[in-house]
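Enquirer: So the chains spell out like this:
2 protein chains.
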Amino acid sequence: MSTRRDFLNKIAMSGITLPLMSTVQPTEAINITDYQGPVLRVAIMGLGSYGTRVAEAMRESKMAKLTGIISGTPAKIKDWQSKFGIPEKNCYNYENFDNIKNNPDIDAVYVITPNALHHDQVIRVAKAGKHVICEKPMAINAIQGQEMVDACKKANVKLLIGYRMHFEPKTLEIIRMRSDGELGKVLFFQGLAGFRIGDPNQWRLDKKLAGGGAMMDIGIYAVNGARYMVGEEPVWVTAQETKTDPKKFKEGVDETIQFQLGFPSGAVASCLSTYAMSNLDRFFLNGEKGFAELQPATGYGPIKGRTHVGELNQPHITHQTVQMDEMAAIILQNKKPVVPVDGEEGLKDLKIIDAIYQAVRLGKKVDLKL
Amino acid sequence: MSTRRDFLNKIAMSGITLPLMSTVQPTEAINITDYQGPVLRVAIMGLGSYGTRVAEAMRESKMAKLTGIISGTPAKIKDWQSKFGIPEKNCYNYENFDNIKNNPDIDAVYVITPNALHHDQVIRVAKAGKHVICEKPMAINAIQGQEMVDACKKANVKLLIGYRMHFEPKTLEIIRMRSDGELGKVLFFQGLAGFRIGDPNQWRLDKKLAGGGAMMDIGIYAVNGARYMVGEEPVWVTAQETKTDPKKFKEGVDETIQFQLGFPSGAVASCLSTYAMSNLDRFFLNGEKGFAELQPATGYGPIKGRTHVGELNQPHITHQTVQMDEMAAIILQNKKPVVPVDGEEGLKDLKIIDAIYQAVRLGKKVDLKL
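Just so you know, the sequences run in chain order L and U. When we follow UniProt numbering, the leftmost residue of the first sequence carries the number 1, and every step to the right adds one. When we follow UniProt numbering, the leftmost residue of the second sequence carries the number 1, and every step to the right adds one.
These are computed hints drawn from the structure, not numbers from a lab. Wrong hints could be hidden among the right ones.
Heads up, the list lumps identical chains together, so a pair's fine if it works in one copy or across two of them.
As the list claims (entries may be wrong) - Cross-link-like lysine-lysine pairs, in silico, PhoX-like; alpha carbons within 25 angstroms at most:
1) LYS153 - LYS248
2) LYS365 - LYS243
3) LYS243 - LYS364
4) LYS62 - LYS365
5) LYS365 - LYS154
6) LYS248 - LYS185
7) LYS207 - LYS243
8) LYS89 - LYS101
9) LYS65 - LYS101
10) LYS127 - LYS335
11) LYS153 - LYS365
12) LYS369 - LYS185
13) LYS248 - LYS289
14) LYS243 - LYS289
15) LYS62 - LYS250
16) LYS208 - LYS243
17) LYS348 - LYS78
18) LYS62 - LYS289
19) LYS243 - LYS185
20) LYS335 - LYS248
21) LYS250 - LYS185
22) LYS243 - LYS369
23) LYS185 - LYS247
24) LYS89 - LYS65
25) LYS76 - LYS65
26) LYS76 - LYS154
Model the full structure from these sequences, guided by the hints.
Expert: In structure tokens form, the structure reads like this:
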């Protein structure tokens, strides 16, 4: 079965990438034994392959610790209990997880379930008075996203979206260069995001669970990337859909969408989202004075980057480890990330995705106000 | 003054490209002294910088020879006469060049004048009974292009368009790989074509002479490249225009256009044409089994290319020298090029460009039948 996770894992090894770096261990700066500050105690909801990746990465985390699990599969619960040392009292299923509100061992829940489930699950977690981290897309449309933002605000809990690239060192270096003016006026962004999806029966190809197709799963990297690379919010979008395999990609499940964004400064973005093509993971940002390229741009790493002044050499660190440390700091210490990862940030992407689908349906430009 | 020619010249030296190869001399295969076959005797119309480049490249050509010139500037005529040894009787101006029909020293005229002049000039050359090579774009719209094709057919002369990339070795190797199935089913093409144009007073920024803006001058490389890289004719086009400097880029002169093409197989193309951004000269072709990249893709060289199996190592040869040799063989020996360079080929690009401008105006998808 080929999933985005497999793809993001493998792309660094594909022919399209620059030569492989050897796998780099988490940075030395993360030293668990020395750390004495507060720790975010996290329950993971959804014990699939990405949930496992996050749990494994959290072992190296300084400020975040896995203390609970929520799953509908008793065998997985058992397995995780032994693997991660989770006590019985911190294990929940989808019927009883509202009781988490009475559990003092859990500060936050990381929701890593199919897209269409996020809305209800996040709201239930908020109502239980726990902070929420939710995988992207935060929901399947902006109406849902807004309700989630509102519910978390009302419950006075934080809502963060799993934008791990917002903490990736090469990405951050390009954002720094751009905002320090080193690229000059930004003119053009290009985002290619795609892979060939395998098993036709997986939830990502089920409209009811995924809320869409490639756009929801991998295209969102280009949507989000366009915004943090250009450093502006788009004011219009156009989009064109192509479907070559309507049997695999049923009604409402997009296979390939090209979309274009226009920004207030006059910068434009040209992006591709696809479940039909291998090896597409490239960001390119062009300014009046220079350029920046990431390829792979959003895989699990190592990310490779270069600019008009040369290769980027920031070390690779496990994305999910850094993400959990940074998110713990945001929740526990009100740390402000360079690029937001809150519910409003996730909502903006959903508004753009809604507009992309609308532009496909209408066959014309759709104006945006984010 | 920055023109496309300057740009195409310089891009190989820019930061965005791969390391420079040393300048390679024309291939050894071209050995003027050994060649005993027929020679195409060519007059150049329009003695500007690109005309000069073609004339210089023809010095190394085996099968094409500069024998005449047509210019409105007597000083240029004098200069060229001495530089290229052109006799007085083979020199014409724009009033009297119809007399070329009585000149047995000239087989063909290469029209290298502003775009909007091509239509009338090509038809006049055809009526004078000489073969015509015409720089691209062959005209400023498809109606003109069709009239030129018809006029040359009627006059029983050949009409070729200056598509030098159709003879470029790395380009041809990718076309061979694609048509031999080495890339698998072709899914995606991306063409970036642009540079920052200088002098606001040059003819390329004058709608009356250029017939448009960047699309006519540099965007056409992506239009044409999409077709020969994908190996199909597009069936729809969408396009979005952005103008950040309406003073420099007046009504009817496009600064930046993104356009997308759909092909019968389901392959899609995503392209950018711009006069506002530096260093954009990249083609990327993605298939089910592999990919091919050219960067720079259309500059005067050396072209750099790589595919999923590695770097392309075909030697650089002066594009215009090869083009003139090949075009002489097409005209004199009915040689069939791998990718056509005839009037119908030029007309297809104009039909697409007409549709791109229409798609910008209408703000919606335009169907194509080529």
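Enquirer: Does each hint hold? Answer for all of them.
Expert: Quick rundown of the hints versus the structure:
1. LYS153 - LYS248: Answer is neither: 39 angstroms inside a copy and 49 angstroms across each miss the 25 angstroms cutoff.
2. LYS365 - LYS243: For LYS365 and LYS243, the Cα distance is within 25 angstroms both inside one copy (20 angstroms) and across copies (16 angstroms).
3. LYS243 - LYS364: both (18 angstroms within a copy, 19 angstroms between copies)
4. LYS62 - LYS365: Intra 46 angstroms, inter 52 angstroms, cutoff 25 angstroms: neither.
5. LYS365 - LYS154: neither (35 angstroms within a copy, 44 angstroms between copies)
6. LYS248 - LYS185: The answer is between: 17 angstroms across copies meets 25 angstroms, while 42 angstroms in one copy does not.
7. LYS207 - LYS243: within (15 angstroms within a copy, 38 angstroms between copies)
8. LYS89 - LYS101: within (13 angstroms within a copy, 98 angstroms between copies)
9. LYS65 - LYS101: within (18 angstroms within a copy, 87 angstroms between copies)
10. LYS127 - LYS335: This pair counts as within: shortest intra-copy Cα distance 24 angstroms, inter-copy 77 angstroms.
11. LYS153 - LYS365: neither (33 angstroms within a copy, 42 angstroms between copies)
12. LYS369 - LYS185: Result: close within a single copy only, 22 angstroms intra versus 39 angstroms inter.
13. LYS248 - LYS289: between (44 angstroms within a copy, 19 angstroms between copies)
14. LYS243 - LYS289: Cα proximity of LYS243 and LYS289: across copies only (19 angstroms, versus 38 angstroms in one copy).
15. LYS62 - LYS250: Neither: 44 angstroms inside a copy, 58 angstroms across copies.
16. LYS208 - LYS243: The answer is within: 19 angstroms in one copy meets 25 angstroms, while 41 angstroms across copies does not.
17. LYS348 - LYS78: So LYS348 and LYS78 fail the 25 angstroms test inside a copy (38 angstroms) and across (65 angstroms) alike.
18. LYS62 - LYS289: neither (39 angstroms within a copy, 42 angstroms between copies)
19. LYS243 - LYS185: between (36 angstroms within a copy, 14 angstroms between copies)
20. LYS335 - LYS248: For LYS335 and LYS248, the Cα distance exceeds 25 angstroms both inside one copy (44 angstroms) and across copies (45 angstroms).
21. LYS250 - LYS185: So LYS250 and LYS185 pass the 25 angstroms test across copies only (21 angstroms; inside, 42 angstroms).
22. LYS243 - LYS369: between (29 angstroms within a copy, 20 angstroms between copies)
23. LYS185 - LYS247: Result: close only across copies, 18 angstroms inter versus 44 angstroms intra.
24. LYS89 - LYS65: within (16 angstroms within a copy, 90 angstroms between copies)
25. LYS76 - LYS65: Within one copy only: 19 angstroms inside, 79 angstroms across.
26. LYS76 - LYS154: Answer is neither: 33 angstroms inside a copy and 79 angstroms across each miss the 25 angstroms cutoff.
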